[in-house]
Amino acid sequence: MTFAMDASLVTPIVSASIVAGTPLVIAALGELVTEKSGVLNLGVEGMMAIGAVTGFVAAQHSGSTIIGVLAAMVAGAASALAFAILVLDLTANQVASGLALAIFGVGLAAFAGKPYESVVLPPVRALPIPLLADIPLLGPALFDQQWLVYFSWALCAGVAWFLYRSRAGLVLRAVGESPASAHAVGYRVIRIRYFATMFGGAMAGIAGAFLSLFYTPMWSEGLVAGRGWIALALVVFGTWRPLRVLVGAYLFGGVLIAQLFVQGSGLPLEIPPQLLSSLPYIATVAVLVIISRNPNTIRLNSPVSLGQPYRPDA
Amino acid sequence: MTSRRAVIRTMGAALGAATLPFATVRRALAAEPVKVGFVYISPISDAGWTYQHDLGRKEMEKALAGKVQTKIVENVPEGPDAERVFRELAKDGHKLVFGTSFGYMNYMVKVAQQFPNNDFEHCTGYKTGKNLGIYNGRFYEGRYLCGIAAGRMTKSNVIGFVAAFPIPEVVMAINSFIRGARSVNPKAEMRVIWANTWYDPGKERAAAGTLVAQGADVLTHHTDSTAVAQAAEEKKVWVCAYHSNMAKYAPTRQLTASEEIWGGYYTKTVGRAIDGSWKPDHVWGGIRDGMIDIAPLNDAVPADAKAQIMKAREEIASGKLHPFAGPVVDQDGKARVAAGQTITDDALSKMDYYVEGVAGKLPKA
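For the protein sequence lines, the chains are A and B, in the order given. To convert, note that position 76 of the first sequence is 76 in the working numbering; the numbers rise steadily by one, no gaps. To convert, note that position 23 of the second sequence is 23 in the working numbering; the numbers rise steadily by one, no gaps.
No lab work stands behind these hints, which were simulated from the structure alone. A virtual CB, placed ideally from N, CA and C, is assigned to each residue, including glycine. Mixed in with the good hints there might be a few duds.
What the hints assert, rightly or not - Derived list of chain B stretches under chain A, where covered just means 3 residues or more per stretch with a C-beta under 8 angstroms from a C-beta of chain A:
1. 63-73
2. 192-202
3. 219-228
To be verified - A few chain A positions that, by computed beta-carbon distances, are all more than 10 angstroms from chain B:
4. L131
5. F162
6. I291
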């Protein structure tokens, strides 16, 4: 039995880790924007399930992956809209409404997706980026991926730019910090929160479509399998910073894939699979807690009004 | 002079007397359909464990048309909910109730005691009762045949196994598969990845990809989704599917599949419930009983390999060949079953070691 951590394994490990992390990146970045506006939407799991099934059905009928992804985006945004009406206009409890959305979304997706459980879709091809994909080792791992992976990088850069470099992002953060002050200087708090919440839902929908169209590709009940909850945790442990969330998601994917590779190597290691399966969670939390251990960072980055209902008086 | 009321009473009595024997005769001639309940762990979907049970149920319904009426409850978790479902089916007059997941065991035992006039059948459990029988399939027989196919088709001599949890049923499957493979290809080696879940298509697929990246060119699985079969098709490696024929998901890459076939068993058992001869039994059926078989072999399998597999199938059916006929040597070289002996059913159902040919260490369950 020989096992060498030879260079030829670097490419498949990195490549698979990125793929495993991508749905988390997309969903977590969407939730990050929602939370930055002060809205806590715990329904990511449900919105991902709704996005996954909608994307799958749309792609199957239209024969186009892009239409599938767009449909998933719209469906995710629509489910977030329902949540937003409850918590923003009717000032319902955000935690309870979010949990309800998570449970409802998973159930609705299972119900609506029943006839599609046996349908097979062709896998989405990788789209190698010329030149970059030819870099040894990391080239094929990073730049020979499906297009939603590239989208997730653009999303990360876009969200970072929006929040910290654009005026609109500044307003959004202000709304999340102190809705009363934002309202006082004339910003429409509720409307901004609506947009932020729906953006979060749209991204959760796309993340779901990544699972059903790019990753597996199939639809079945239980497809999301808790990834929505991990995305939520990543936002908190990544202290609401887009790049840290991205790192956390890849770390999670990386440890998940690495433990599979360790098992697949056939090395005579006696590690309980339960422990191996929990490693991605432990490692991600541990690392993110360490890089964000400065209490000032947390205080600076966590939106002060997160989860609190706001009703403009006028 | 009789009152009107008395006349009516007399007429009623006469009518009753006339119809009563008639009703009895009808009942004897064409009995009301017997109600039979099925409780499933997951949705029926289009492939997998529950799908196979439902195929069996449909076959039974067809064979006993008019005499039976079935009711399905799917997606019942292995918890207090299960107890409620079993109780309601019994209360609702289901003469016989099948439960098809291991974790229903204690709930079925409890409900069976509360409803002594109903009968229960539990799949994959080990507790029986006066009105509770158990049945299971010898899945390892199909696994052995799949192993032969894999052993003949592998070029890299690495076979990848995506497994759920290290329980005897799964360990048995791994061992039987590699013993089949090594019976025709002594160089074959098995790599196992424990996914620690019965159902997570994403993770199952990632595990399949990992095994392929590490040299496996034949995959198999003991998880419930079709993800491994689909991954094999995409990565152009062979796959031996499990539970169901997954040719639809891996049209060119499925070598064969180990399938459970419950129709015959359900027809027989429900037939007994209808004629009143049902008794609690302990059935562990295999190829011989028609409860386990393999899907049609891929055209890529050479004719002599096909012949080898079909011969082994015949021999398992006739009892001439047992996948765990001695010598059974574990991966540390220790003889677990001596040459000339065959493993006992008890030892099989407690299997907690890898046989030779499996790489890595078996984690403790």
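Each hint tested on the structure:
no.: 1; hint: 63-73; result: violated (count 0)
no.: 2; hint: 192-202; result: holds (count 10)
no.: 3; hint: 219-228; result: holds (count 3)
no.: 4; hint: L131; result: holds (24 angstroms)
no.: 5; hint: F162; result: holds (29 angstroms)
no.: 6; hint: I291; result: holds (26 angstroms)
Comparing the model with each numbered hint stated earlier shows that hint 1 is the single one that does not hold.
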